[in-house]
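Chemist: Residues per chain, in single letters:
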Amino acid sequence: MDPAFFFIQFLSGLASASNLFLIACGLTIIFGVTRIVNFAHGSFYMLGAYLAYTLTAQLMPILGDVVGFWLAIPLAAAAVGLLAVLMELLLLRRIYHSHELFQLLATFGVVLIVQDLVQTVWGPEELFGPRAPGFTSFVVIFGFRFPEYQLVLIAAGPLVLGAIWLLFNRTRWGNLVRAATQDREMVGALGVNQARLFTGVLFLGGFLAGLAGALQLPVEPANPFMDVNIIAEAFVVTVIGGMGNVLGAFLAALIIAQLQAFGILVFPQITLVLPFLVMALVLVVRPWGLLGKPETTTSHGFAGDRPLRPLGRTQQLLIAGTVAILLLLPLVLGEYGQKLALEVFVYALLAFSLNFIMGAGGMVSFGHAAYFGLGGYGAALLVHHLGFGMEIALLAAPLFAGLGALLFGWFVVRLSGVYFAMLTLAFAQIVWSTAFQWVELTGGDNGMIGIWPSDWASDRTVYYYLSLLVCGAAIAFLWRASHAPFGYTLRAGRDSTLRADAIGIDLKRHQWLAFALAGTCAGVAGSVFVFSKGNIDPGSLAIPTSVDALVMVLLGGIQTLTGPLVGGAVFHLLEAQILPLTDYWRALLGAAILVLVIAFPMGIAGFLRDKLLPDDDRGDDQREAAARGAAEKGRAEAPT
Amino acid sequence: MLRRHLLIAGAALLAAGTAIAPSVTPAQAQESVKVGELFSYARMAAFADPYRKGWQLAVEEINASGGVLGGKTLEIVSRDDGGTTADAVRVADELVTNEGVEFLFGTFFSNVGLAVGDYAKQRRVLFIAAEPLTDALTMAQGNRYTFRMRPNTYMQTKMLVEAGRESGAKTWAIVAPNYEYGQSAAANFKALLAEMDPEAEVVVEQYPALGKIDAGATTQAILGANPDGIFNATFAGDQAKLVREGQLRGLFEGRTVLSLLTGEPEYLAPMGAETPEGWIVTGYPWEQIDTPEHLAFVEAYQAKYDDFPRLASLLGYSIPYVIKEMLDKAGSTDTEAMVDALKGLEVETPTGPVTMRAIDHQATMGAWVGRLTVEDGQGKMVDWYYADGADFAHTPEAVKAVRPAE
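As given, the protein sequences belong to chains A and B, one line each in that order.
As numbered in the working numbering, residues 1 to 640 make up the first sequence, in order.
As numbered in the working numbering, residues 641 to 1046 make up the second sequence, in order.
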């Protein structure tokens, strides 16, 4: 084909690369310094576009088109920067002392609130901004027309990169930011006011996201889907480049955008999966991204964690009481109540299985939905294509999930920290896009329907008990595994990889098996789920499901075994109650998350444990003595 | 410390508030027919809001003029379906088992519509799907208890293909969002094009991810194949990006463009002066339709809401009238009686008479097909005509071939 055509395609790729870079560089700077996985970054981007829309509409008539427009863009960006500062001051600053993933949870709450806020202020229909004055036409390059504004965008990326380089290398503040990216504790120890540094970094990150959104206005109308549409790609670019590395983000944006521009010429359908495919490949080859360095901080925020002990008498009674209540529940609950309750079992198991790798293993997965969905799809495929009944499907489906987890787990356990999380996400997205695109097998995004329980279990109450039995058994199994030497080994590896290695533990293998185990149990949850709904679609594998699972674990309390169960129940009931009430259920849910995050910095179960189980207030020695005594007593009573 | 207690108290209040709130029982429960409605109100507000205004207006009118079943009021219990199948099936179940509604209507997304339809089949509850476009809902995965109001993807694509017949374009490009609606629109287009003109061929296909079109690269990819015509199924933000990028790069000059949904006020109004002239589209030229029944609808709608109707308003407005006719014909709220009444039911709507086809449970509501132009800085459909859905729905043979027997 015409070489000029390829050159134009290359230029189009450059323009998209600039956009990707602008949004990703703010994200990577924020992460580098504060270690916050900022889900709200997409919301900043969207707010940038909306604020630019309003400001251009206000300023252009007063100041003239050119001045008005080009003044509105940086003003919108600065306003978004201030909003980011506000988020830092009012929200994040209150929870820096909790587990570091708690900030992720908080920013997720912000995402939900901003979505409804934007629709309330600007309305739901998309808003066309003006074209950029001075760049409304096109130039002819090698016989092809090329929009002038795309040239502006192409220039914007390198310009911002240069400005950031100057800021970071020529100013004292920039030096501090770079230092904090390398070693935050040391910078703190040297007497730098971290709080102020964080506020400044949040402003810069928010400003850049806002700028990216504002610059997008002449290309794309402001619309309420901008946040979710960009956030995953922004993370992908950040991770491929190496978290915290601005130049890396630039390279990654270039690679993704060019692959996209040329990829669609050959495989038009590749649009769904391409960024994640690239991320998976890069992370498998380079575990810290293109230009990233191994993470220096090994802390997972488990400093205050207590050793797992066999259950005390009170706890045993509590559990027995809970089980008894669950067994009697159908007597008082109506049909809908039972449905809700059995969904709680499913989500409790999903969260519990996630916490098995997160809490005990220190491996944070952003893609746990993959195994939930694989279980669901496994069951649905067995029923739909092979004509098996529910019984076989329930037994066999978790194996799909387990095999998937075994396969992907082999790759992911080689990584750690946020790279681990992002590789799990990449694999989940690959599974998702397979289910989405393989229409003949999976029904595509319409999914599969008619997956109902066998006749004997189709009665709501029977299925309630079946779910309770299956989910309960899986939870009991994981509970047991946590207390077994296997679980202790995992925790040892989590707390000190070095020491675990030194005493001869093959940590990778333990982590790999734990990942597969957690995946299998998520698959159990998925297969029970399918028969309660009668259908499955790719939504069960998608990012929101993974995020929900994460939210449940964090809400409940990552440092307790019961936490995810409580979190699963609270989150699902909250959502089910709020959803039907109002159009603003997302904002309400987001607000509820923020309230819970601030009120229970250890998670709900962590809070209850601290308040209700006073025996934990005893000193370490006493506690250990008690534990030792109990253990010895147990051993003495065991038949020999 | 005090602050923390306040927060906890707040959380408790919130939880308590949400636990008791949804029970809205009317005083005259005996006198009303309770109907469940669910839709993606939060996620698809641009469409959902006018849709709700539409059905609320119709319900008000019906209740003011004697109600249904000889004097009972029509009472709608409305819920957000969350936009996912997982949430929607639970919400549907809540409406049926908790609220005790007689039947269901609503939903936006195709997968959600299919899931609720399947739930309806399993529970033997009647469900009238409002917006889902997927052919599967009334074809391969249709069932006795599920009906649909909107013209499906096949019908709308067929309207466009016939409208484009005169263009004589031989080589075509397809650009469609990469999900079921786009894929099935593209598949329908290819099949119908081959039927209409065996010599015509599709020379380039682009499937951008929904909401993530890389407009520059996509435009260029189409230009590279230099087709005579373009079939577009993107909408909203994606379409807007494509239009801006495509206009500057000369994508639409001298080419026939057939575009699904673009003439609907939901998507047309935001484009304003940038509306691409000459596109042949399906849509709803609400300001130009002057049949008495439509004028009455527009007048009532504008009087109540001080806003112009969207296509969703029209759709939402039509459904309660279908319900009223169905109930009066069935004479009761027995599900089987209602299903039998719906089959072949004829209803007067602002669109004209609409029949609920007995053969596949698809309503014959049509769409308007016309050409886009710009007038006074606003997009507008001209040379339009109403394409009656009855003429474009699947043939009885096609239905028999794929729709499961009851």
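These aren't lab readings, by the way, just hints derived from the structure by calculation.
All residues carry an ideal CB built from backbone N, CA and C; glycine is no exception.
Treat the hints with care, since some could be wrong.
To be verified - List time: in silico SDA-like cross-link candidates among lysine to any residue, alpha-carbon distance up to 20 angstroms:
| # | chain 1 | residue 1 | chain 2 | residue 2 |
| --- | --- | --- | --- | --- |
| 1 | B | K852 | A | F262 |
| 2 | B | K761 | A | P74 |
| 3 | B | K852 | A | Y336 |
| 4 | B | K852 | A | I430 |
| 5 | B | K852 | A | L277 |
| 6 | B | K830 | A | E440 |
| 7 | B | K852 | A | I270 |
| 8 | B | K852 | A | G263 |
| 9 | B | K830 | A | P268 |
| 10 | B | K761 | A | A195 |
| 11 | B | K761 | A | P268 |
| 12 | B | K674 | A | G263 |
| 13 | B | K810 | B | M779 |
What the hints assert, rightly or not - From the structure, some residues in chain B lie toward chain A, with a derived Cβ separation under 10 angstroms:
| # | residue |
| --- | --- |
| 14 | S718 |
| 15 | V736 |
| 16 | A755 |
| 17 | L850 |
| 18 | T973 |
Chemist: Now tell me if each hint is right for this structure.
Modeler: Hints and how they fare:
1. B:K852 to A:F262: holds, 16 angstroms
2. B:K761 to A:P74: With a Cα-Cα distance of about 55 angstroms, the restraint between K761 (chain B) and P74 (chain A) is violated, given a limit of 20 angstroms.
3. B:K852 to A:Y336: Outside the cut-off at roughly 38 angstroms; violated.
4. B:K852 to A:I430: Holds, at roughly 17 angstroms.
5. B:K852 to A:L277: holds, 17 angstroms
6. B:K830 to A:E440: Distance of about 18 angstroms is within 20 angstroms: holds.
7. B:K852 to A:I270: holds, 12 angstroms
8. B:K852 to A:G263: holds, 15 angstroms
9. B:K830 to A:P268: With Cα atoms ~16 angstroms apart, K830 (chain B) and P268 (chain A) stay inside 20 angstroms; holds.
10. B:K761 to A:A195: Outside the cut-off at roughly 58 angstroms; violated.
11. B:K761 to A:P268: Since the Cα atoms of K761 (chain B) and P268 (chain A) sit roughly 37 angstroms apart, the hinted pair is violated (cutoff 20 angstroms).
12. B:K674 to A:G263: violated, 53 angstroms
13. B:K810 to B:M779: violated, 30 angstroms
14. S718: holds, 9 angstroms
15. V736: holds, 8 angstroms
16. A755: The hint holds - A755 (chain B) has a Cβ within 10 angstroms of chain A, the shortest such distance being about 4 angstroms.
17. L850: holds, 8 angstroms
18. T973: violated, 19 angstroms
In this structure, the hints that do not hold are numbers 2, 3, 10, 11, 12, 13, 18, in rising order.
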